[in-house]
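Colleague: Here's the letter readout for the chains.
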Amino acid sequence: MKLLTGNDLKTGFVTWWTGSDWSIHIEDAADVGEHGEAILAVEEAARRVNAPYIIAGEKTADGPRPAHIKDRIRALGPTVRPDLTLKPADPAAGDWVI
Amino acid sequence: MYKYDEYDHAMVAARVAEFSDQVKRRLAGEITEDQFKPLRLMNGLYLQLHAYMLRVAVPYGTLDSRQMRMLAHIARKYDRDYGHFTTRQNIQYNWIKLEDAPAILADLASVEMHAIQTSGNCIRNISSDQWAGAAADEITDPRPWAELLRQWSSFHPEFSYLPRKFKIAVIAADEDRAAMRLHDIGIQIVERDGVHGAAFYVGGGMGRTPMIAPLIKEFVPLEDMLSYAEACLRVYNRYGRRDNIYKARIKILIHELGADEYRRQVEEEFAHVKSLGIDPPKAEFDRIAKQFAPPALDASAPDAIDRSDPDFAVWVDQNVAAHKVAGHAIVNISLKPIGGIPGDASSAQIDLMADLAEQYSHDELRVTHAQNIVLPHVRKADLYAIWQALDAAGLATPNLDLISDIIACPGLDYCSLANARSIPVAQKIAARFSDLGRQKELGELKLKISGCINACGHHHAGHIGILGVDRKGTENYQLLLGGSGAEDVSLGTITGPGFDEDGIVDAIERVTDRYLAERAEGERFVDTFRRVGMAPFKEAIYG
Amino acid sequence: MVEHLHSDGEEPCVTLDAFLSQSNATAVRLEPDEDARALIPHLDRLALIEVAFPKFRDGRGYSSARILREAGYTGELRAQGDVLVDQIAYMKRCGFDTFAPEKPLNPADVEAALTRWPEHYQGAADGAVPIWKLRHG
Ligand code: HEM
Ligand code: SF4
Numbered sequence: 001m002k003l004l005t006g007n008d009l010k011t012g013f014v015t016w017w018t019g020s021d022w023s024i025h026i027e028d029a030a031d032v033g034e035h036g037e038a039i040l041a042v043e044e045a046a047r048r049v050n051a052p053y054i055i056a057g058e059k060t061a062d063g064p065r066p067a068h069i070k071d072r073i074r075a076l077g078p079t080v081r082p083d084l085t086l087k088p089a090d091p092a093a094g095d096w097v098i
Numbered sequence: 001m002y003k004y005d006e007y008d009h010a011m012v013a014a015r016v017a018e019f020s021d022q023v024k025r026r027l028a029g030e031i032t033e034d035q036f037k038p039l040r041l042m043n044g045l046y047l048q049l050h051a052y053m054l055r056v057a058v059p060y061g062t063l064d065s066r067q068m069r070m071l072a073h074i075a076r077k078y079d080r081d082y083g084h085f086t087t088r089q090n091i092q093y094n095w096i097k098l099e100d101a102p103a104i105l106a107d108l109a110s111v112e113m114h115a116i117q118t119s120g121n122c123i124r125n126i127s128s129d130q131w132a133g134a135a136a137d138e139i140t141d142p143r144p145w146a147e148l149l150r151q152w153s154s155f156h157p158e159f160s161y162l163p164r165k166f167k168i169a170v171i172a173a174d175e176d177r178a179a180m181r182l183h184d185i186g187i188q189i190v191e192r193d194g195v196h197g198a199a200f201y202v203g204g205g206m207g208r209t210p211m212i213a214p215l216i217k218e219f220v221p222l223e224d225m226l227s228y229a230e231a232c233l234r235v236y237n238r239y240g241r242r243d244n245i246y247k248a249r250i251k252i253l254i255h256e257l258g259a260d261e262y263r264r265q266v267e268e269e270f271a272h273v274k275s276l277g278i279d280p281p282k283a284e285f286d287r288i289a290k291q292f293a294p295p296a297l298d299a300s301a302p303d304a305i306d307r308s309d310p311d312f313a314v315w316v317d318q319n320v321a322a323h324k325v326a327g328h329a330i331v332n333i334s335l336k337p338i339g340g341i342p343g344d345a346s347s348a349q350i351d352l353m354a355d356l357a358e359q360y361s362h363d364e365l366r367v368t369h370a371q372n373i374v375l376p377h378v379r380k381a382d383l384y385a386i387w388q389a390l391d392a393a394g395l396a397t398p399n400l401d402l403i404s405d406i407i408a409c410p411g412l413d414y415c416s417l418a419n420a421r422s423i424p425v426a427q428k429i430a431a432r433f434s435d436l437g438r439q440k441e442l443g444e445l446k447l448k449i450s451g452c453i454n455a456c457g458h459h460h461a462g463h464i465g466i467l468g469v470d471r472k473g474t475e476n477y478q479l480l481l482g483g484s485g486a487e488d489v490s491l492g493t494i495t496g497p498g499f500d501e502d503g504i505v506d507a508i509e510r511v512t513d514r515y516l517a518e519r520a521e522g523e524r525f526v527d528t529f530r531r532v533g534m535a536p537f538k539e540a541i542y543g
Numbered sequence: 001m002v003e004h005l006h007s008d009g010e011e012p013c014v015t016l017d018a019f020l021s022q023s024n025a026t027a028v029r030l031e032p033d034e035d036a037r038a039l040i041p042h043l044d045r046l047a048l049i050e051v052a053f054p055k056f057r058d059g060r061g062y063s064s065a066r067i068l069r070e071a072g073y074t075g076e077l078r079a080q081g082d083v084l085v086d087q088i089a090y091m092k093r094c095g096f097d098t099f100a101p102e103k104p105l106n107p108a109d110v111e112a113a114l115t116r117w118p119e120h121y122q123g124a125a126d127g128a129v130p131i132w133k134l135r136h137g
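One line per chain: the protein sequences are A, B and C, in this order.
The numbering used here applies: residue 1 is where the first sequence begins, and numbers increase by one.
The numbering used here applies: residue 1 is where the second sequence begins, and numbers increase by one.
The numbering used here applies: residue 1 is where the third sequence begins, and numbers increase by one.
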């Protein structure tokens with residue numbers, strides 16, 4: 001699957017395209033198929049996202065999983081500060097990254 | 001310490017106003033990200049892996065307690081309660097919101113701080129010796145020279161769109177604690193016939209093509225220093241490569257021209273620039289130097305240290321250095337607790353260090369290029385009280401310059417350019433060597449880790465260096481041996497094929513074991529390596 | 001005050017090569033990789049030097065401008081091309097007095113940019129008195 005990601009212009013938070021809007025949770029991310037470039041152009045011009053790009057990912061039982069480790073770390077947060085990730089209560093969350 | 005006058009205040013205030021306006025225009029869509037990026041970068045604002053990252057300048061690494069407390073305040077109010085001290089003596093915040101950036105810059109300006117030119121293709125924050133003004137071996141305090149350069153380079157109209165970033169370091173001792181020759185310009189203040197002048201080393205750097213700066217001019221008199229720097233920069237701005245970002249640093253220009261040809265061009269330009277009258281009079285240097293006058297230290301303060309607490313004694317031996325005034329000492333606070341994140345400090349820790357500086361160190365602190373903090377002017381009689389306070393805050397790890405005093409860049413946990421994580425590797429190595437007796441047995445050993453070829457973690461200059469690379473989508477680590485960023489400057493050599501995260505820790509253990517087996521009396525790791533060469537270490541690592 | 005746009009109907013600029021081989025032109029255009037010092041023998045008959053900024057990130061034109069002013073050039077010095085409002089204050093300090101940006105600038109922003117800096121730390125080509133001189137009278 002293809003995912004569309006970027007950062008929120010104002011806050012800088014990592015965001016994922018859900019098919020109709022942006023979410024900080026990768027679980028909400030939608031497969032953009034071949035439409036990535038078109039959505040990206042519209043959303044960037046509207047300043048709903050900053051520095052967006054398209055990545056490859058795969059569908060898993062736990063939701064979309066980016067192909068590259070960098071985007072998995074973006075999706076979760078710093079592996080060395082579990083308390084600052086999006087899953088602070090899950091001590092095993094870091095395993096998903098690697 | 002340097003205090004702003006009305007002019008300095010007005011300049012920083014104008015910059016805050018300018019950036020507030022630029023942020024407003026970006027948020028309103030009047031400028032694109034492509035146009036905004038160089039503007040935010042010149043104000044230290046990056047877009048990083050998780051959010052915006054703000055890099056705040058600590059000019060030549062010197063701070064007072066009020067400024068240090070402001071750093072804690074910013075961490076608490078606008079970030080997530082911590083900051084990361086860097087090898088360039090700056091501090092970085094990892095979770096900044098674009099809309100907050102103008103307010104943060106205004107808060108910084110209120111304590112005479114800023115983020116000006118901490119990024120971008122301009123002259124960056126000037127770094128210096130963290131023991132300046134306190135070191136027993138310096139010939140003078142290098143900071144007035146650095147401050148002169150800071151003002152000259154701030155908002156320089158000709159040199160704000162250079163081919164690439166430009167970093168200057170200034171030292172004034174033969175012992176190099178600032179990696180001077182790995183800078184675009186490294187200046188060493190030297191003495192000739194009783195007069196101080198600047199030796200210019202130009203064209204050093206790390207990154208993907210590490211180079212040691214050659215000596216371009218042995219002695220530039222104070223009254224010519226800015227003209228000479230201007231000439232060095234003008235030749236670079238005109239002829240530095242702009243066709244390839246990886247070849248755009250001044251080191252490549254000088255490498256391609258040759259040091260002699262570069263020197264010839266600089267001398268020619270200097271002869272012209274000197275006629276323009278851009279060098280301030282001696283009175284301006286004196287005005288600045290007066291503000292760096294040494295604090296009133298009582299040389300009759302007691303010299304003896306009560307070493308009856310063994311943990312304290314261990315810390316004194318490792319982390320306390322000689323001060324030029326009797327009865328005094330330099331305290332080095334390690335930000336490298338075993339298992340911690342090198343260079344990170346919480347708001348509470350930053351506040352505590354500020355309090356200690358105010359109470360015991362004539363209100364001064366320093367940030368070091370090894371990502372530690374220094375209290376430069378401490379009475380020996382106060383060491384025990386300082387140690388107790390540090391120990392209670394997890395800041396008394398006695399590992400200065402030992403294998404666990406690791407320099408590590410943020411790596412893939414924070415940095416969008418990274419190939420691999422740096423911090424977890426640093427943590428695993430520190431854990432493997434956590435036994436202090438073992439660390440002391442290994443002696444001075446500078447271990448430096450970068451998460452990619454950009455070399456922010458100085459891996460080329462580590463006695464042991466580690467470089468994170470991407471190997472078919474997984475993290476992999478190359479090992480380098482024999483580098484140094486000090487006066488015995490050298491570049492490390494890659495041992496051979498890389499390792500995974502656990503493999504690199506094992507490899508380092510094999511290297512240190514081999515060192516213990518090979519070393520001659522009094523040799524540090526890097527001395528042994530230089531004597532015996534790579535072969536025995538290669539054999540130890542790869543069999 | 002600075003002129004923000006150039007007037008119409010002026011003599012078109014010739015390239016540096018053309019200028020050096022054709023002695024009657026009074027306006028010349030300098031590309032980033034061309035040596036401003038080649039013009040120094042001819043400054044007194046030049047009325048306009050246009051310095052090209054094909055990309056705003058290419059800062060060679062700032063040095064070209066200063067070199068020309070330092071050599072005594074007093075005619076029009078124009079920054080042309082990818083000239084952004086956030087750069088014109090520095091350009092002016094380097095000696096430019098007119099701007100021909102590819103994308104028009106908002107006059108209010110131009111005004112704000114040119115009046116933003118109360119003083120300057122270093123001497124340049126605009127004749128401004130540097131701060132160190134103000135400090136020492
Ligand atoms: C996390 C965001 C960071 C980014 C995006 C970044 C980016 C870069 C880049 C691209 C280079 C290579 C420049 C070149 O070779 O031309 C570089 C070099 C460097 N950076 Fe960083 N850096 C970051 C953080 C840091 C940190 C945290 C430190 C200090 C610990 C640091 C200190 C340095 C140093 C000392 C160099 C080497 C300078 C040289 O090549 O001569 N950087 N950085
Ligand atoms: S060395 Fe690479 S990974 Fe590390 S901070 Fe610099 S750019 Fe990022």
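These are computed hints drawn from the structure, not numbers from a lab.
A couple of the hints might just be wrong.
Where chain A lies over chain B, by a calculated footprint (3+ residues, C-beta under 8 Å) [claimed, not checked]:
no., stretch
1, 24-37
2, 49-63
3, 311-319
Heads up, the beta-carbon is just placed ideally off N, CA and C, and yes, glycines get one too.
Colleague: Against each hint, give a clear statement of whether it holds in the structure.
Modeller: Status of each hint after checking the structure:
| no. | hint | verdict |
| --- | --- | --- |
| 1 | 24-37 | holds (count 4) |
| 2 | 49-63 | holds (count 4) |
| 3 | 311-319 | violated (count 0) |
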